[in-house]
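Residue numbers (the working numbering), protein chains in the order written: chain A, 1 to 350; chain B, 1 to 424.
Derived from the structure by calculation, the hints contain no laboratory data.
Fair warning: this is a prediction, and the values are worked out from it, not measured in the lab.
Don't be surprised by glycine CBs; every beta carbon is placed ideally from N, CA and C.
Incorrect hints may appear among the rest.
[Claimed, not checked] Here are some of the chain B residues that sit facing chain A, going by a computed Cβ distance under 10 Å:
no., residue
1, S46
2, L48
3, L75
4, Q98
5, S107
6, P140
7, N143
8, H144
9, V145
10, A161
11, F168
12, D209
13, A210
14, T281
15, N343
16, T382
[What the hints assert, rightly or not] Subject to a maximum C-alpha distance of 25 Å in a straight line, what follows is the list of computed BS3-like cross-link-like pairs (lysine-lysine):
no., chain 1, residue 1, chain 2, residue 2
17, A, K193, B, K413
18, B, K279, B, K346
19, A, K335, B, K114
20, A, K85, A, K270
21, A, K270, A, K258
22, A, K257, A, K85
23, A, K85, A, K260
24, A, K318, A, K260
25, A, K85, B, K279
26, B, K291, B, K114
27, A, K260, A, K350
28, A, K257, A, K318
29, A, K257, A, K193
30, B, K389, A, K193
31, B, K389, B, K413
32, A, K258, A, K335
33, A, K258, A, K324
34, A, K258, B, K231
35, B, K291, A, K85
36, B, K346, A, K193
37, A, K264, A, K335
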Amino acid sequence: MSKFPKLIAGTALATLIAAPTLAEPFGLGREALPEEIAAWNLDIAPDGSNLPVGSGSVEDGEMIFSDNCAACHGEFAEGSGNWPKLAGGDDTLANEDPLKTVGSYWPYLSTVYDYVRRSMPFGAAQTISDDDVYAMVAYILYSNYLVEDDFVLSNENFMDVEMPNADGFIVDDRAETEYPHWTEANACYEDCKDDVQITMRATVLDVTPEETEEASVEEAADDGTTEMVAAETTEEAAPEMAAPDPELVAAGENVFKKCKACHKVGEGAKNGTGPMLNGVMGHPAGQVDGFRYSSALEDAAAGGLVWDEESLAAFLAKPRDFIKGTKMSFVGLRKDEDIAAVSAYLSTFK
Amino acid sequence: MDDLKTSRRGFLMSSAAAGGALLTTGAAQAQGGPDPLITEVQYWASGLGDGVDATPYGLPIEYEADVIRRNVPWLTADPISSINFTPIHALDGTITPQGCAFERHHSGAIELRKEDFRLMINGLVDKPLVFTYADLERFPRENHVYFCECAANTGMEWAGAQLNGAQFTHGMIHNMEYSGVPLRTLLEEAGIEAAGDLSDKWVYVEGADASSNGRSIPMEKALDDVLVAFKANGEALRMEHGYPVRLVVPGWEGNMWVKWLRRIEVTDHAVESREETSKYTDTLADGTSRKWTWVMDAKSVVTSPSPQSPITHGPGPLVITGLAWSGHGAITGVDVSLDGGANWQKARLAKEGESKALTRFYLDIDWDGSEMLLQSRAHDETGYVQPTKAQLREVRGLNSVYHNNCIQTWHVKENGEAENVEVS
């Protein structure tokens with residue numbers, strides 16, 4: 001018990017731990033099969049146990065990272081926008097604004113492999129092979145100057161990597177450092193301060209989200225109307241395209257939240273992790289200026305791929321099946337109605 | 001930004017103005033003649049309302065449309081992996097309705113059918129098992145009310161008063177009545193003799209969504225009061241709270257309350273997952289970080305009056321109310337200060353504090369209309385008293401994010417508006 005903070009009074013703890021073996025089973029559930037356990041029991045211990053056999057190089061990792069991670073985490077793992085930075089921040093933990101990255105903060109490399117393999121990429125978790133995960137982890141280490149560019153990470157040498165902040169953690173010590181001081185005995189009730197001054201005001205910073213929700217909804221609706229007007233104008237030129245159903249468009253805007261991290265639409269939309277999508281509907285694929293498409297998508301575009309409701313629906317259902325080798329690390333939309341809604345929404349951006 | 005500023009000030013001013021107008025109107029009616037709401041037959045007193053089944057599952061009336069969850073968009077990169085806040089400024093009592101209880105997702109709220117639900121227990125157990133949802137419903141069940149607080153609640157306030165509203169400063173909390181099976185029962189069903197000495201064993205719990213959120217829980221906690229829950233406030237969990245099954249870890253940080261629970265592994269080590277190393281650890285001034293800071297210490301906040309719930313009447317009777325809670329047990333008392341912590345008086349608890357659940361407190365005063373620096377201070381059954389922000393900073397420095405349980409100050413002005421401030 002010494003390694004845990006004291007959670008429960010000693011006697012209660014002894015009772016808790018002694019009793020379980022006495023209970024009679026209910027005979028519910030069934031035995032888990034070895035294949036089932038193997039499929040889910042993926043967590044990796046800090047000592048590296050349960051690591052899969054395999055390896056991956058920094059060199060391979062750079063490409064894999066660029067295709068799957070860089071959109072949010074930056075080409076050099078330096079981060080992008082509000083997304084987590086994975087590299088940098090050495091010796092900043094005692095500073096006013098510490099930069100906590102894999103290199104500067106994470107105590108165990110096992111955590112990196114475990115998390116990347118099970119939870120990344122965002123929107124397409126568990127689609128990367130074990131070897132490629134080794135390569136990605138190797139690249140993250142390289143980005144933090146922890147290994148050289150010719151490094152190959154494997155289950156064999158995994159535990160040889162030294163994490164800079166491995167000794168930077170202590171177990172919760174509030175019971176010693178805090179609780180004894182903040183007690184009934186020390187609580188003051190009368191004349192506790194000579195003088196009370198306001199030293200800071202939230203309104204000075206002014207970062208509280210807008211309170212007039214109705215107004216912003218109306219603004220959004222106004223925007224929608226503008227788009228609709230634009231859509232109708234275009235419709236005259238192309239009478240075969242029906243104006244999208246406003247309800248479907250609204251539903252699509254909601255579904256599009258899943259895409260917004262990478263794709264921008266609307267006035268002034270710029271390329272991000274993915275290309276901006278104004279005018280995508282009804283136009284040839286792979287034509288947005290300044291966006292570096294995957295060669296797979298460029299090939300498809302050269303083959304005459306045009307984004308219409310049908311092709312977009314097929315792509316959005318299973319991106320990696322429709323265009324093998326696409327950079328879009330999104331697993332796909334499962335519901336047909338979500339796909340139809342997103343198509344309708346995108347069709348409003350000319 | 002200019003527009004935002006203007007319109008928020010507009011909101012605050014208009015709500016204060018509306019309150020003033022209400023007051024004036026009421027007074028004028030009383031003096032100037034009979035109230036037409038009483039003397040004239042109103043349409044609702046003459047015609048007919050909705051029939052039954054007008055809304056097979058009812059929602060709040062339209063006049064309560066502002067009592068909703070809100071988020072702070074600049075806080076996170078994307079709403080799929082983000083958090084929002086319970087409108088605690090507008091609620092009373094202690095039970096949080098599911099529909100406005102805060103959400104926190106790492107890879108979005110998933111739709112998982114009961115039929116597709118599987119729960120595995122593996123690791124150091126006598127017999128690894130798989131349960132279906134129907135299996136879980138056949139174990140003896142318990143009901144308990146517990147608060148669930150995100151460790152990051154009030155985390156934006158470390159460096160100084162920042163967000164203007166109790167919803168934003170303290171709304172990463174909800175309090176529900178859970179129905180479920182003790183985790184202990186499920187562990188016993190699989191048998192934990194294989195684990196040998198339990199005093200240094202753990203359970204690792206994991207969710208079924210893409211984030212695969214997983215946390216390590218010491219065995220003694222797992223055998224104490226952890227619940228595998230499938231109902232909240234009498235009905236099925238909402239999708240956003242982990243339907244069909246979530247873990248309830250009473251008194252401990254919300255991140256451990258794994259949603260869409262799919263696996264429980266008995267281990268001889270903490271997994272040191274991403275959520276218990278790179279996140280949910282607390283960096284001190286010297287750069288060292290605390291880990292395994294699971295318990296949510298005693299905390300309280302005045303929910304009204306507060307920035308989003310200004311006083312809309314003049315001097316006279318005023319109800320000051322708020323919430324208090326502790327992850328160490330029951331709340332035994334709450335003190336309220338009207339003068340920024342110089343003097344304190346005991347608030348009235350709506351009922352006796354329950355262990356690891358929200359407690360509602362009231363202080364009914366005769367407000368003289370002068371400005372106040374409102375604070376509340378919780379006491380729990382261990383004798384702990386909620387600290388000031390200065391006391392927390394003295395021990396932890398300024399680099400912490402999580403576990404900010406400091407005393408909150410609202411500056412209530414003569415016109416009834418309130419602002420989030422820090423005081424000396």
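Please write out, lowest number first, the hints stated earlier that are contradicted by the structure.
-> Per hint list: 1, 2, 4, 7, 8, 9, 18, 26, 29 and 34 violated.
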